[in-house]
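**Q** Chains as they are written, first to last, in the working numbering: chain G, 1 to 465; chain A, 1001 to 1129; chain W, 2001 to 2533; chain B, 3001 to 3204; chain X, 4001 to 4293.
Because the hints were derived from the structure by calculation, they are not lab data.
Cβ atoms here follow ideal geometry from the backbone N, Cα and C, with glycine treated the same way.
Listed below are several chain X residues computed to face chain B (Cβ distance under 10 angstroms; list not exhaustive):
1. I4047
2. V4203
3. T4209
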Amino acid sequence: MSLLYFVLLPLLALFLMPLYRKHLHIISVMLNLTLLTLALTCTHTLPMVERVAVDLPFAITFVLERASWLLLTLFTLIMSLVSLYHLRYGNDKALFVASTMLGVGVSGLILSHDLFNIYIFFEISSISAYLLTALNQDVKAYGGAIRYMIVGAFASLFLLLGIMLIYLSIGVLDIGAIAERFGLIEPRLQFLILLSLFIGFGIKAELFGLNFWVADIYQASRSSVGSLFSALLSKSYLFVLFHLTYLLHVSPSQLFFLGLIGALTFVAAEFSAFKSHESKRIFAFSTLGQIGIITLALSYADAMLSAAALMLILTHAVAKTALFLALDLLERHFHSSHSTIFARFHAPFLMGIIALAGLSLLGIPPFAGFVAKLSILTGLASLEAYGAVALILLISLIEAAYLFRLLTGFRQGTGKERLYVAWSHKLLLGFMVLLLLGFGLMPEPLLQLCQAAAASMLGGNHVPL
Amino acid sequence: MFDAFGSSALLHQAITLLCFIIFGVALFGVLVKKNLFNIFLAFSIAEAALFLFFIGNHYAAQLQAPILFEGLSRFDPAVMVDPLPQAMILTTIVIGIAVLALALTFVIRYYKLTGHMRIDEMDELGEDR
Amino acid sequence: MFHFEATLLAHLFFGLSLLVILPLLRRRDLVLHLLLLLSLGILFYASSLATLFIGWEMMGWSSYFILASSARVATLQRYILFNLGGAFALLGAIALLYGFMGSLEYRDIDASLLPPWAMNAIALLLFVAVFVKSGIIGLHDWVVDSYSEATPLFSAILSAILSKAGIYLFIVMFMVLLKEGATEPLLFEIMAWLGVITSIVATFKAISQDEMRRLLAYSSIAQIGYIITILALMQGFALEAALYHTLIHTLIKLLLFMNIASIIAITQKERFSELGGMIYHAPVLFLLLVIGIIALAGMPLLGGFNSKFLIYTALLEEKRALLLGAVMFSSASAFLYCYKLVYGIYLGQRPQEASLHVSPKSYYLPQLLSAALLVLLALLPSLPVGYLSVIGVELGFAPLDDSNLFILQSAFGSFHGGALMGAFGVAFVALLGLLQLAHSKAKKVKDPLDISYCGEVPRSETNLHFGYGMGYELHRISFIAPLLRHHSRVLWDRLSLIASDFSALLSSLYSLSAQHVTLLALLLFTLLLLGGQ
Amino acid sequence: MDEGFIPYQQSLEDEEQSIKSTQSVIEQAIAWFRAHSMFVLAYGTGCGAIEMPPTFTSRYDIERLGVVGVATPRQADILIVSGYCSPKTLKRVIRSYEQMSEPKYIIGLGSCTINGGMYWDSYNTIKKLDDFLPVDMYVNGCMPRPEALIEGFVKLQEKIRANSSEAGYIQYRTRYAHYRANQERLFGTQVQPRYEENFAGMNL
Amino acid sequence: MLLLDLLLMLLIAYGFGFLYYGLYRNLSARVHGRFGPSLAQSFSDSIKLFVKEESTTFGWMFYLGPVIMASGAVLNVLFIPFLNQGESLQGLSSYGNLIVVLYLMVLGPLGNALGVGSSGNPFGVMGVTRGLTRLLALELPFYLAAIGVMIDAGSADFGIIMQAQSTQSNMFAHPLLFAAAFISFLGFMGKSPFDVVGAPQEVYSGPATEFSGKFLALLMSQSAMFSFAKLLLMVNLFWGGADHLGELVAKTFVLFVAATFIGSVYARFSTVQSVEFLIRIPTLLGIVGLALL
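The whole structure should be built from the sequences, with the hints applied where relevant.
**A** Listed below in structure tokens is the structure:
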């Protein structure tokens, strides 16, 4: 079992595309399910280290420890779900290419133990994200993609700068090696490096001050793509950002700054969504809000809070995917994503899915989102961060306001269109909600996984070199 | 600032200064130019500035190029210039070209659909669109 | 150590909710109703704060989705936001408790370890949760709208059952879990007065309503206000009084809301100004409503008096004269809306017979049962006392004396339910006989419009039902008028307006062009670079 | 017939004798109570209304006789029609009378109720109240002073105590067709609901 | 024995009720400078109404309204002890207490209001509304006074309340409470200036509009008994009750005459005025009285 499979298999599938160009949707499903299975089989062999060595230190190192394994499993799961969702819509070459590449990108991002590799996967995932944005091939899509590219190119400039500065200072790129030697760098240069990395990853991880492009991009792309962005892309960047943060032993004041940025992200996003009427923008803002909470929680560098944040990443990814996929169904039917469409259709099952996923998103019991939120709150409380608790609770009300405004589609009324939802989609969405419900009712196994992951994330560089 | 990088300190400082001037010019282009093509061109310039900065700072007049040929069977930092930056820059250039190509494709498509490629006239996204 | 789950409340709510659900069996949203029941079960049988919160929240959202089938969007938003606001306050309190206890299990909570500031903060947060759920004035907007816009049957559930959740929470938190906590007594004092002010204001608001269910909603708020007041005494007898009143109020509201549901089913009308004269069309319903309002007004001869008596004597025993005066004032003012309810629907002008439907028979069952219980409780006022005392004893209070079921004992006197009923019965029968035997013979008017109307002959189109506007005079009374004129809704609407202005400001950031976004990022970089060192 | 006070007094005494002879004790008691408690609905139709306040207040104090004013016909025993009646007013007067509980009596106050008085040639007042409602006691004069009204009450008391079958309310019941016909003639299409219909109700 | 006692109480209440009612009419006539009717006039009125040939009714609720009202009055009489000692004339007071009686006082009117409402006459309802609106202000000072008395005695039981006054009656011990209760008592008696409920012309006698014959008779009788009950209540709460019947008559008489004289010289308050007056002066008196307790 090699970690390279997670990168090589999708690439292989891309190279062999001409062989099965009529059945890309099936191949996509098979590929993602295979990857999911592979990820699940890794459970017992963690942590895993894989080197493709030219000569030390010139080696490409992949590391799979508890935290990255959790995310990898999540990513492959979400990719599988999304590809299963698209199964019904037949062959789509552009989608296949872009989403498979995205898979490669995000898997590589979390697996890489080498800063330059991270840069490469950063670019791969970015390019695939640009492609995904432009999938619809209309003015909005291209406009969004262009915006995205401008911002993304800017981010990669800074990331590149940071990497170059590191290499210039200490001559290594392996994360573990960097962590060991980072302290040798002159403090001012250290700060410059950290700042460049922060700008580079912060833009992509959608943190406040750097995230004003997000709503437009989500709006430009398809709803189903939104689920990939929201569940995979931003989370992988966020993971790398915090992985580096923990490894490089940043100062408490810098951690505090990250927490502040997280809180600001949360507040600004939730308030922005309050008045929005475009459902994709609303979901984008909601994603930003969750990222804000996750950032806030991770910034405490506390085992319990980090576990809670990982839990939130997981539950948010599943809930958001369900919501975006449901929205995709609506968008395909109405050719609009204005929030009024929620009041215009009649499909009890779909409404139920939206409602329950929304509840989980809000952190309302008995769904898994609640467990995450409760863990975050209790974690914050045990650190005596009562201000943060109050902030999260207060702003959650704003979140509830706009989410429940969407849910008023539950009201009976005239002028409703009956919306047909295929059985396969019902199964898929139902599975996601059941997943949320199941982990909400029995959170212990997942919590334990998250705790283990948090321990390995915070434990610093435990991979022997 | 970069004293640790060997003996060509002055050269390195000059290169660094130059690169940052170029980088600044490029950023100016990114932030001020309205034509999408110009903007992406500016990004290319910025990237080039970074490459130059990186490679330039690894240049050492007294060292050899890191090419393996007869008599030289392994990398020796004392004799050769560090080969890794070159590999990295090559990779990055490739990526940069790919991104630029994709960007220009999008710009062309966008131009065909809208008839303009000015960033200040892009108003297709936002609330109520 | 803790067996609170085996309490009256749990059984009561389950029994009654099932009762109300019975007629609903064929309804589409039965699943949601069952979910609601489940959430109540979770709430009552919880053994950790997390479970309690799960029940609390499930109750909130399942009721929201039931409500969603009939209410307006604004009402729904108000409902869920107020409820979530309360729930989040509860969550905050739970998180705070966890910060000190390190566990959410009931048995691990020891309030004596809490420093006073934390205890007070927790108490305040819990107050918010309790007050929102109980509709303390200022936080009550959602109550009225949701009661009046729910389906008639669901209004009954809302008022009879869900409105008591706040009381349950208070008892569980303050009387059980945080009993040893060093809560500032002033907080309870404020709570007591908030309760009574709520009941007074809500009573006046109830009087000035034109819609049946809005009136009853305000009445519920007022009644729960008493319970809040009495609970704030934190005494055993007060707890028993509060529980007794909870029981009585549940019965009454079930009866009244089901009665109104029947009326809505018959007439398809909701307003007093459109109703009237139903007494001769639905005499049984009228009698049931009369039982309900007499109990609601807290008069002797029906169960309503028992709990009022306990409340008053509890306040007397604590020597809270002014509080008691205010409670009694509010209680006396309640007569007005009680009468308005029965007059507006059943008395006065006759309805247009043509447009009447038949009330579903299943609606009668809960009403009859409640009415029977109310009468039974009047006769045997001490019947539930033993049951209520169990809770008190479990919490370490002295039980009430219930050796004679006919006599309701309290520290400030007792009364004999049987004697009251008997005396009234004898007097009633005797006087009725006297009236029958009188020389004068009663003659029933043939034409119901044959009323003495200053020599005029009213016609069927003459509006004789303007009595529905009773309570209008309150607008002219200087100290009541401001209460009726001002609505806390204005405050919340303004808050929402501020939020949306802020939202517009922030969301304009998210519509910036890519260049501006990069510029901002660069600025951030520069600023941090310059200032961050 | 003799005139003057003495023969009149004599006739009263005679009547008292006859009451005693024909009525049982209970009937006498009932009649006594009825005679000594008279609730009056004073309908100020015309200028006679001005005479009633002095009658009820300190100067003449008719409450001495047990006469009290009430506001609604339901409670009243005696209806005072104080002066001329236009048809508009008469309609209300009839309605009020019909809503009174039996036994009930009418006092016609002033000449106008007898023969139209000074309105004898008016086309918009009725001339003879008795055509429309059974008047039990006329108090003539234009206007009669309170003393006269008091005397009318005294006389009515005697009549009540006599409990004769000639009482107005019995007349109205038995000869309703006559009164109704007169009313219909006067009011035409705008006639009131029928008395019989309203009071043929069930006995509870 | 108890039954005889109860009957005797009712008889006393009935007799003295009508006597006082006659007295009231007579006394106010004297104040007006008239002779007024005989003392038995009210009694005659009620008998006459009982023996009217017919009484109009609008249905069963209308029929039952006065019965409920009268039952309420009867209960009030029975649940208030006449004497502060001994076995006789205690009625059912040991089965109830002051709070019960305070609430019984409103039971009758509410029952009657149902009857009034069922007649469909708007004037009746106007009267009822006025009554209930006035009631909310009327009860407040009385309740405050009663609370003070109960807290002072430590019980709501009449016997204990009267016992507590054996040395000093509450009237002198708590003059402010007495003042509050007395003003509100004037209102309870329905005398001027608090008699806007049944304004004869303005609202056509209010609640009594449609009542005729025996119904009116029953209402009059219960009103007489109810007045006596109210007098009793005041005597028991503030004057320490009565040792024997003579003292009872004397005390109630004094109280009654005071109320009558005040009623005879005051003009009527409108509903709003009476509410505002009652909420201001007597309520403040009551609050101050409670604060001084």
